[in-house]
Amino acid sequence: MFPPTITPALIDFMRTSYASPPMAEVFAQRRIEVTEVVLPGHRGDPITAAVLRSSEFTGVRPAVLYAHSGGLMFGDKFSGLDLVLDWVTDLGVTLLSVDYRLAPEFADPYPREDMYAALEWLAGNTAALDVRPDRVLVAGASAGGGLAAGVALAARDRGGPRLRGQVLDYPMLDDRCITASTEQFDGIGVWDRVSNETGWEALLGALRGSDEVSPYAAPSRAVDLTGLPPAFIDVGSAEIFRDEAIEYADRIWRAGGDAELHVWAGAFHACDIFAPHTNVGRSMIRARNTWVEKILAD
Numbered sequence: 001m002f003p004p005t006i007t008p009a010l011i012d013f014m015r016t017s018y019a020s021p022p023m024a025e026v027f028a029q030r031r032i033e034v035t036e037v038v039l040p041g042h043r044g045d046p047i048t049a050a051v052l053r054s055s056e057f058t059g060v061r062p063a064v065l066y067a068h069s070g071g072l073m074f075g076d077k078f079s080g081l082d083l084v085l086d087w088v089t090d091l092g093v094t095l096l097s098v099d100y101r102l103a104p105e106f107a108d109p110y111p112r113e114d115m116y117a118a119l120e121w122l123a124g125n126t127a128a129l130d131v132r133p134d135r136v137l138v139a140g141a142s143a144g145g146g147l148a149a150g151v152a153l154a155a156r157d158r159g160g161p162r163l164r165g166q167v168l169d170y171p172m173l174d175d176r177c178i179t180a181s182t183e184q185f186d187g188i189g190v191w192d193r194v195s196n197e198t199g200w201e202a203l204l205g206a207l208r209g210s211d212e213v214s215p216y217a218a219p220s221r222a223v224d225l226t227g228l229p230p231a232f233i234d235v236g237s238a239e240i241f242r243d244e245a246i247e248y249a250d251r252i253w254r255a256g257g258d259a260e261l262h263v264w265a266g267a268f269h270a271c272d273i274f275a276p277h278t279n280v281g282r283s284m285i286r287a288r289n290t291w292v293e294k295i296l297a298d
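Start counting the sequence shown at 1; every next residue gets the next number (our numbering).
Just so you know, these hints were derived from the structure itself, not from any lab.
These numbers come from a predicted model, not from an experiment.
Heads up, the beta-carbon is just placed ideally off N, CA and C, and yes, glycines get one too.
Misleading hints may appear alongside valid ones.
Label-pair ranges, simulated between beta-carbon atoms [claimed, not checked]:
(1) R254 / E212: 22 to 28 angstroms
(2) D90 / S210: 42 to 48 angstroms
(3) S20 / S237: 25 to 31 angstroms
(4) F13 / T35: 29 to 35 angstroms
(5) D250 / T290: 18 to 24 angstroms
(6) R176 / T226: 20 to 26 angstroms
(7) S210 / T290: 38 to 44 angstroms
(8) P21 / Q184: 28 to 34 angstroms
(9) Q184 / L10: 18 to 24 angstroms
(10) A206 / A287: 35 to 41 angstroms
(11) A265 / P22: 31 to 37 angstroms
(12) T58 / V37: 17 to 23 angstroms
All chains, full assembly: derive it from the sequences and hints.
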């Protein structure tokens with residue numbers, strides 16, 4: 001169940017209702033091996049993650065670091081994974097999905113720095129995981145898309161692991177909530193303006209909207225978008241993140257970078273999660289899979 005408007009009073013409810021269902025049968029049917037790992041997160045604190053690999057592939061493989069959806073306040077490492085399991089089964093991807101710590105209990109910088117620490121762990125364990133170090137992507141949906149964009153920015157600025165690409169599905173990028181689409185989708189839709197403000201305030205508290213917000217937390221704040229890995233960005237035309245996603249792609253192009261942008265006509269937020277068997281849901285999944293296959297090719 002996903003209420004149209006999420007307020008702080010509903011966070012505990014959402015953590016229960018949005019928790020991922022048992023996935024063991026799905027993994028078994030698709031011949032996916034899952035290993036739970038503990039790795040050092042922000043400040044070295046232990047966090048958990050899942051490594052997913054297809055038993056049908058052998059040898060060295062590409063990898064994807066994945067950040068789940070959930071408005072930065074709920075969700076877990078298996079949330080929304082059914083959308084990207086084709087990468088594991090069809091492309092031989094090793095998928096590292098992270099239980100980054102959630103706001104408001106763990107406010108910024110914990111979620112983004114947990115994800116960046118997971119990238120460093122992945123880069124430091126490519127040999128043990130049989131992963132090609134030159135074929136690593138970062139990906140995420142909604143709040144996870146914003147985290148993925150922040151990881152790509154941080155990796156560039158810190159001289160961190162080199163990324164092959166970034167997959168930003170209907171990403172949560174801008175804490176200011178000042179676009180036309182944030183005004184249009186107030187009180188309607190899967191994730192409306194109030195829900196968005198709830199998520200950002202959980203993450204940033206009183207800093208939301210101020211000049212002190214880090215671009216790694218809210219990537220739309222980044223002044224410089226040069227030197228980023230190629231991006232796949234998609235968003236629905238009937239959702240709150242429409243304008244900030246379009247603007248982010250446009251700014252990547254203006255900075256000389258590479259972005260593939262899809263604006264899905266009539267699609268609401270996370271349409272591919274909530275309506276994967278519709279024509280637009282299938283088109284979203286197909287376009288994403290095609291781009292990932294292309295970017296990972298030799």
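Hints, verified against the model:
1. For R254 and E212, the Cβ-Cβ distance of about 25 angstroms falls inside the hinted range of 22 to 28 angstroms, so the restraint holds.
2. Range check, D90 to S210: about 44 angstroms between beta-carbon atoms, so the 42 to 48 angstroms window is met.
3. Between S20 and S237 the beta carbons are some 28 angstroms apart, a value that agrees with the proposed interval 25 to 31 angstroms.
4. Taking the beta carbon of each, F13 and T35 are about 31 angstroms apart, inside 29 to 35 angstroms as hinted.
5. For D250 and T290, the hinted distance range of 18 to 24 angstroms is satisfied, since their beta carbons lie about 22 angstroms from each other.
6. The supplied range of 20 to 26 angstroms is met by R176 and T226, whose beta-carbon atoms lie about 22 angstroms from each other.
7. The given range of 38 to 44 angstroms is respected by S210 and T290, whose C-beta atoms sit roughly 40 angstroms from each other.
8. Taking 28 to 34 angstroms as the suggested C-beta distance range, the pair P21 and Q184 conforms, at roughly 32 angstroms.
9. About 22 angstroms separates the C-beta atoms of Q184 and L10, a value consistent with the hinted range of 18 to 24 angstroms.
10. One distance hint, 35 to 41 angstroms for the beta-carbon pair A206 and A287, holds here, with the actual separation near 39 angstroms.
11. The hint said 31 to 37 angstroms for the Cβ distance between A265 and P22, and at roughly 35 angstroms that hint holds.
12. Separated by about 21 angstroms at the C-beta atoms, T58 and V37 satisfy the suggested range of 17 to 23 angstroms.
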